[in-house]
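Construct the complete structure from the given sequences, taking the supplied hints into account.
Numbering-wise (this note's numbering), the sequence shown opens with residue 1 and increments by one.
Where hints are given, some of them may not hold.
[Stated by the list, open to error] Ranges of calculated distance between the beta carbons of each label pair, as one might list FRET restraints:
1. ASN61 <-> GLU143: 31 to 41 Å
2. GLU94 <-> ASN128: 39 to 49 Å
3. VAL4 <-> ASN98: 27 to 37 Å
4. LEU9 <-> ALA56: 14 to 24 Å
5. LEU9 <-> ASP93: 29 to 39 Å
6. ASN7 <-> GLU84: 29 to 39 Å
7. ASP129 <-> GLN23: 25 to 35 Å
[To be verified] BS3-like mimics (lysine-lysine), calculated; alpha carbons at most 25 Å apart, straight line:
8. LYS119 <-> LYS47
9. LYS110 <-> LYS126
10. LYS126 <-> LYS47
11. LYS150 <-> LYS140
12. LYS150 <-> LYS117
13. LYS117 <-> LYS140
Calculated directly from the structure, the hints in this document are not laboratory data. Note that the Cβ used here is the ideal one computed from N, Cα and C, for glycine as well.
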Amino acid sequence: MKIVLKNELETSDFGQQLANLVQIPSCIALVGEMGSGKTVLTRNFIKAIANQDDVASPTFNIVNEYNFDGKKIYHFDFYRLESENELYNVGFDEYITNKKAITIIEWADKFPDILPKEKIVIQFEKQNDLRILQITSSQKNSETFYSKLKELAYYTDL
Numbered sequence: 001m002k003i004v005l006k007n008e009l010e011t012s013d014f015g016q017q018l019a020n021l022v023q024i025p026s027c028i029a030l031v032g033e034m035g036s037g038k039t040v041l042t043r044n045f046i047k048a049i050a051n052q053d054d055v056a057s058p059t060f061n062i063v064n065e066y067n068f069d070g071k072k073i074y075h076f077d078f079y080r081l082e083s084e085n086e087l088y089n090v091g092f093d094e095y096i097t098n099k100k101a102i103t104i105i106e107w108a109d110k111f112p113d114i115l116p117k118e119k120i121v122i123q124f125e126k127q128n129d130l131r132i133l134q135i136t137s138s139q140k141n142s143e144t145f146y147s148k149l150k151e152l153a154y155y156t157d158l
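Structure (structure tokens):
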């Protein structure tokens, strides 16, 4: 499914809307070049769910954790990692299997083999100010998820 966002404000808004569609547990894998909108989307996704104003990319921490309503959001950034072992050292397998959590991973394409089979993948493409998002889901509720995505103003079938 393709989503076209015209600017950073629309990327922020889409992140907040996406937060209302994603079920727990979920893994969201974000892929795209530097500056394509991964962190903007994630920041606003987390703000919408966890009511957090101070959301930063965990580039140096590997993972940031946010709590809400007895559940969690784990925000990973694989950008600076050299190997999957670094993820195992922080307990990635425990994070990813938490049934009361949403896991969001920036630069997920660095270690695709470590990701769960069931996930939402958002591929970001930068075209000047436009952000074109290609979204695929392999989760059990994919059809419901796609149908809710189509209701958003940003959906396009280009």
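Here's how the hints hold up against the structure:
{"no.": "1", "hint": "ASN61 <-> GLU143: 31 to 41 Å", "in the structure": "holds, 36 Å"}
{"no.": "2", "hint": "GLU94 <-> ASN128: 39 to 49 Å", "in the structure": "holds, 41 Å"}
{"no.": "3", "hint": "VAL4 <-> ASN98: 27 to 37 Å", "in the structure": "holds, 33 Å"}
{"no.": "4", "hint": "LEU9 <-> ALA56: 14 to 24 Å", "in the structure": "holds, 20 Å"}
{"no.": "5", "hint": "LEU9 <-> ASP93: 29 to 39 Å", "in the structure": "holds, 37 Å"}
{"no.": "6", "hint": "ASN7 <-> GLU84: 29 to 39 Å", "in the structure": "holds, 35 Å"}
{"no.": "7", "hint": "ASP129 <-> GLN23: 25 to 35 Å", "in the structure": "holds, 31 Å"}
{"no.": "8", "hint": "LYS119 <-> LYS47", "in the structure": "holds, 21 Å"}
{"no.": "9", "hint": "LYS110 <-> LYS126", "in the structure": "holds, 19 Å"}
{"no.": "10", "hint": "LYS126 <-> LYS47", "in the structure": "holds, 23 Å"}
{"no.": "11", "hint": "LYS150 <-> LYS140", "in the structure": "holds, 18 Å"}
{"no.": "12", "hint": "LYS150 <-> LYS117", "in the structure": "holds, 23 Å"}
{"no.": "13", "hint": "LYS117 <-> LYS140", "in the structure": "holds, 11 Å"}
In summary, this structure violates none of the numbered hints.
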